[in-house]
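Chains as they are written, first to last, in numbering that gives the first Met the number 0: chain A, 0 to 257; chain B, 0 to 257; chain C, 0 to 314; chain D, 0 to 314.
If you are wondering where the hints come from, they were derived from the structure by calculation, not from laboratory data. Quick caveat: nothing in here was measured; it's all calculated off a predicted structure. Check the hints yourself; a few may be wrong.
Said to hold, decoys possible - Derived PhoX-like pairs: lysine-lysine, alpha-carbon spacing no greater than 25 Å straight-line:
no. : chain 1 : residue 1 : chain 2 : residue 2
1   : A       : Lys124    : D       : Lys81
2   : B       : Lys124    : C       : Lys81
3   : B       : Lys151    : B       : Lys217
4   : D       : Lys205    : A       : Lys124
5   : C       : Lys81     : C       : Lys292
6   : B       : Lys151    : B       : Lys124
7   : B       : Lys124    : B       : Lys152
8   : B       : Lys124    : C       : Lys271
9   : C       : Lys292    : C       : Lys271
10  : D       : Lys292    : D       : Lys271
11  : D       : Lys81     : D       : Lys205
12  : A       : Lys124    : A       : Lys157
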Amino acid sequence: MATDPGYSPSELMVSAAARELRDGEVVFVGIGLPNLACNLARRLHAPNLVLIYESGAVGAVPERIPVSIGDPALVTNSIAVASMSEIFYNYLQGGKIDVGFLQGAQIDRFGNLNTTVIGDYAHPKVRLPGSGGACEIAIHAKRVLCIAAQSKKSFPAKIDFVTSPGHLTGGDHRQRLGMRGAGPQRVITDLALYDFGTGETAGEMRVTSLHPGVTLDKVRENLGWEPRVAAELATTSAPTREELRLLRDELDPGGLYL
Amino acid sequence: MATDPGYSPSELMVSAAARELRDGEVVFVGIGLPNLACNLARRLHAPNLVLIYESGAVGAVPERIPVSIGDPALVTNSIAVASMSEIFYNYLQGGKIDVGFLQGAQIDRFGNLNTTVIGDYAHPKVRLPGSGGACEIAIHAKRVLCIAAQSKKSFPAKIDFVTSPGHLTGGDHRQRLGMRGAGPQRVITDLALYDFGTGETAGEMRVTSLHPGVTLDKVRENLGWEPRVAAELATTSAPTREELRLLRDELDPGGLYL
Amino acid sequence: MELFLNSAESANVNPEKLMPMADAIARFVADGAEVVIEGFTHLISFAAAHEIIRQRKRDLTLCRLTPDLVYEQMIAAGCASKLVFSWAGNPGAGPLYALRRAVEQGLPHPLELEEYSHFGMVARFQAGAAHLPFLPLRTFTGSDLPRVNERIREIACPYTGERLATVPALNPDVAIIHVQRADTSGNCQVWGLLGVQKEAAFAASKVIIVAEEIVDEAVIRADPNRTLLPGFIVSAVVHEPWGCHPSFAQGYYDRDNDFYVAWREISQDAAKLAAWLDEWVYGVANRAEYVRKMGDALTRLTARQQMSSGVNYGY
Amino acid sequence: MELFLNSAESANVNPEKLMPMADAIARFVADGAEVVIEGFTHLISFAAAHEIIRQRKRDLTLCRLTPDLVYEQMIAAGCASKLVFSWAGNPGAGPLYALRRAVEQGLPHPLELEEYSHFGMVARFQAGAAHLPFLPLRTFTGSDLPRVNERIREIACPYTGERLATVPALNPDVAIIHVQRADTSGNCQVWGLLGVQKEAAFAASKVIIVAEEIVDEAVIRADPNRTLLPGFIVSAVVHEPWGCHPSFAQGYYDRDNDFYVAWREISQDAAKLAAWLDEWVYGVANRAEYVRKMGDALTRLTARQQMSSGVNYGY
Chain A
0 MATDPGYSPS
10 ELMVSAAARE
20 LRDGEVVFVG
30 IGLPNLACNL
40 ARRLHAPNLV
50 LIYESGAVGA
60 VPERIPVSIG
70 DPALVTNSIA
80 VASMSEIFYN
90 YLQGGKIDVG
100 FLQGAQIDRF
110 GNLNTTVIGD
120 YAHPKVRLPG
130 SGGACEIAIH
140 AKRVLCIAAQ
150 SKKSFPAKID
160 FVTSPGHLTG
170 GDHRQRLGMR
180 GAGPQRVITD
190 LALYDFGTGE
200 TAGEMRVTSL
210 HPGVTLDKVR
220 ENLGWEPRVA
230 AELATTSAPT
240 REELRLLRDE
250 LDPGGLYL
Chain B
0 MATDPGYSPS
10 ELMVSAAARE
20 LRDGEVVFVG
30 IGLPNLACNL
40 ARRLHAPNLV
50 LIYESGAVGA
60 VPERIPVSIG
70 DPALVTNSIA
80 VASMSEIFYN
90 YLQGGKIDVG
100 FLQGAQIDRF
110 GNLNTTVIGD
120 YAHPKVRLPG
130 SGGACEIAIH
140 AKRVLCIAAQ
150 SKKSFPAKID
160 FVTSPGHLTG
170 GDHRQRLGMR
180 GAGPQRVITD
190 LALYDFGTGE
200 TAGEMRVTSL
210 HPGVTLDKVR
220 ENLGWEPRVA
230 AELATTSAPT
240 REELRLLRDE
250 LDPGGLYL
Chain C
0 MELFLNSAES
10 ANVNPEKLMP
20 MADAIARFVA
30 DGAEVVIEGF
40 THLISFAAAH
50 EIIRQRKRDL
60 TLCRLTPDLV
70 YEQMIAAGCA
80 SKLVFSWAGN
90 PGAGPLYALR
100 RAVEQGLPHP
110 LELEEYSHFG
120 MVARFQAGAA
130 HLPFLPLRTF
140 TGSDLPRVNE
150 RIREIACPYT
160 GERLATVPAL
170 NPDVAIIHVQ
180 RADTSGNCQV
190 WGLLGVQKEA
200 AFAASKVIIV
210 AEEIVDEAVI
220 RADPNRTLLP
230 GFIVSAVVHE
240 PWGCHPSFAQ
250 GYYDRDNDFY
260 VAWREISQDA
270 AKLAAWLDEW
280 VYGVANRAEY
290 VRKMGDALTR
300 LTARQQMSSG
310 VNYGY
Chain D
0 MELFLNSAES
10 ANVNPEKLMP
20 MADAIARFVA
30 DGAEVVIEGF
40 THLISFAAAH
50 EIIRQRKRDL
60 TLCRLTPDLV
70 YEQMIAAGCA
80 SKLVFSWAGN
90 PGAGPLYALR
100 RAVEQGLPHP
110 LELEEYSHFG
120 MVARFQAGAA
130 HLPFLPLRTF
140 TGSDLPRVNE
150 RIREIACPYT
160 GERLATVPAL
170 NPDVAIIHVQ
180 RADTSGNCQV
190 WGLLGVQKEA
200 AFAASKVIIV
210 AEEIVDEAVI
220 RADPNRTLLP
230 GFIVSAVVHE
240 PWGCHPSFAQ
250 GYYDRDNDFY
260 VAWREISQDA
270 AKLAAWLDEW
280 VYGVANRAEY
290 VRKMGDALTR
300 LTARQQMSSG
310 VNYGY
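Same shape as in the complex, but just chain A (with noise of 0.2 Å):
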């Protein structure tokens, strides 16, 4: 990352998370980059894509950019509002959603996520916010997408506890547990994207394209194992002049998120 590629990392998880959305889908999503990547997929090839938010928002389309999850602007011109029960039980539970953004302070190799506490539960040194609903996400939505900024930290080895389950131990773990949920199948980072492997390694998260500049030493630095690689190893593609147009002019034009 020498020169400067004329977009921010955060403009390029953004971009690869939008790609990542189909026509049509219901996605489950919080505020800040997967809003953002949302309503991206929605201005360009996804105009039908549903937003749904915990706060019982649904089908929304925010005039502003959304600072809290409800945001009286979710709500205006929305399709419905449901009560959170209904959110929970019929709409994630129910098996209506497809897509399931999640975001977490820490991150494992199988895609199990922390946010509740670091060091130990009971005396932590930082206790963080907790599950809201990404416990339930992370088991019902018919796949789940993950953004976060990527470091030995934030990948480690083991994380201090296990808020929502990725794919567990990996392998067909959560399957065996009775989930219907796909569990996450792309790690979008700040320095590469990864799935979620297939066959013996399944469930294991594996590099699969490195962001332009980025070097597979530096994806190893900033993780706390040695990641699996895919045998044919992209580079992610640029956001677009019309990607970023969107972003910067529209989206988010106070910088908020980007």
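Could you slot chains B, C and D onto chain A? The hints should help.
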């Protein structure tokens, strides 16, 4: 019942039922005589009576006599519309209903009600409508009032099917099964009023009042068992002139139920 | 176990949801299917029921709290082999005689019954909507219903130890829901009595929405708190004004009580009922023709205006 | 077992429900009580929280999905000994530092935590509302949460045998619910985000309704499908315009995001937080005074108009 008393048995039953209701109570009510009793009470001593119909209308103030439990007139100008899930889980099971009205094709001495079949369940002589909400009203309403025209057939020694539990085998049988509602407290027939006794015979129907002109023998002739009788037997007050005026001129001018 | 890796066929990119009733029934109601036409006294899709009769669907399992005239007509027409229900009467007007003939005499052919209370049926739909295999509830205690329905069971509370009744989830193949208004994606709104329609729709594999009015999506978005269902769980949208008669649609037309009362005599006599089906169901091509045949009843039943006020969704 | 023979004290014949916040808190929030102030980002009664702080209530068990600034202020003021929750952050603006000081360092005194996920909390309220001792739900599988909270348990489905998680009912002593409008009996209406307020209110022994506007009963009756709660489950009605600031009330005023962002710095420093409480809570007699102190913010936050249309309730 030699001379015309100036009112019909139904009018007397409605008037007697209305007097059982206290101002401010929340009543789970069906159509027909219970509906008339509630609306009569609301015009007289209980202006704050809250009428709830299993269809979901809460605080209904029907402008016309409802011909179905889901009459649109129950919704217009009501306080709230609740989904049926809310009605049964939150209102009824949640313990918010003071009084429930029940009727039955058969009722036994303990106030158990049959609205399911005459004869064997698998090969019924007569297939009746079934429970509807009656079973849970019988269990959860803080107290239950029963209205029924009396005959040996409708008040048999043993009913063919217990759809809705009254006092089961009497005594504290309900409480032993964990029911919070106190069960049937009054039976109002076209001949007499009953309570459910006290002490050793608690939970069993007891004649407390004979309607004007009705003898105890007449009551016995229309009952499938030898009834218990209160020490001080009263005579039921006839409907007042004002009650009759309201019933005939305002509440059921077409004589649909009276 | 179904695994959800591909969420390909999302219902909300299908531009072809708006279709005639005949197409919706042909596509989404198969012989032998478990079918729900819900609506508690309000918003009952008689239009769908009549089309099912016309298409001579067979061996259906019909689920509904109150079979009402709508299922009685389907049973009399020979569409059903099983009924799952909680109260089977002609509301306010007596018994359902044709249903009784099926149960008591096996005419036109035997009808299996699976019987709950209203609360039991509500909990079954709610469990189905939530993809739970069961829900606990406090009812049936002391009743004979569990004796004749082995699907009513018990569970011990893991906290208090007390025993609660349970009912199993109901997940029908198709739910048919009539609404006051919908857009062409199936986003739909309802007011007045709500019944169990939301739960029934979420519980079903396919949802057919039948609407008094088809409106622009902007009408839905102007009042999102009125929305019953989002379009992405809806498979077909049918425009069918007066589609609930003799049931009612708040703000559109009143319940036709005269019809419910008259039905008593019709249903008492199998021949009369057959003649009625011949005239009003088989004898018309579709709902529009039925409505034209209603004639003066339309005027008698049309709702008077009592509009609510708007609320402010601004911020 | 409580037996329900006398239903004497029906809340809906009490003509004295309308009262100042100070009276409602004094009467219905006791030291040591289990208290719920709900509202998911929307309609959070900061007015009630501040009055609880002013009345120096102690040893409260505070239950809420998202403690948010509202509980952080109460915790910092020393009102709480226990927190039951599912997500503790400053939404969109970082951690809750004062809450962290209580958990990590026991300041101002130790705070016991009982922790669920959002779904878990929602199910707890729903079970409480329905007078069920528990509800089953599909979550927590593979998570460490059940390891640190023994109230998260399991049950076997009586139909399929599969194991489901359970949470116990939550039945708080009092629920405080802010609404857009209520009548003096407590019949109240809400639009925009609904959160878990209905369930929390039905689950509670006492319900305090705080309203932006007190309206005539006729306003409620003109649109019964908008009603959140019937008055007969409500014990007190408080009129408190701007009672949710810095949270919002759809159609009345916007979320004060600047405040949430500024709070980050305030909560980082115990002394600054104490000074803030001195000025904005202890330093004002009531909410009206707080609102006067808000000054220009009122103009900045006042909602613009975007009215919905009415629907026809006629028949």
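Verification of the hints:
no.: 1; hint: A:Lys124 / D:Lys81; verdict: holds, 20 Å
no.: 2; hint: B:Lys124 / C:Lys81; verdict: holds, 20 Å
no.: 3; hint: B:Lys151 / B:Lys217; verdict: holds, 11 Å
no.: 4; hint: D:Lys205 / A:Lys124; verdict: violated, 38 Å
no.: 5; hint: C:Lys81 / C:Lys292; verdict: violated, 32 Å
no.: 6; hint: B:Lys151 / B:Lys124; verdict: holds, 18 Å
no.: 7; hint: B:Lys124 / B:Lys152; verdict: holds, 14 Å
no.: 8; hint: B:Lys124 / C:Lys271; verdict: holds, 23 Å
no.: 9; hint: C:Lys292 / C:Lys271; verdict: holds, 18 Å
no.: 10; hint: D:Lys292 / D:Lys271; verdict: holds, 18 Å
no.: 11; hint: D:Lys81 / D:Lys205; verdict: holds, 20 Å
no.: 12; hint: A:Lys124 / A:Lys157; verdict: holds, 16 Å
When each numbered hint is compared with the structure, violations occur for hints 4, 5.
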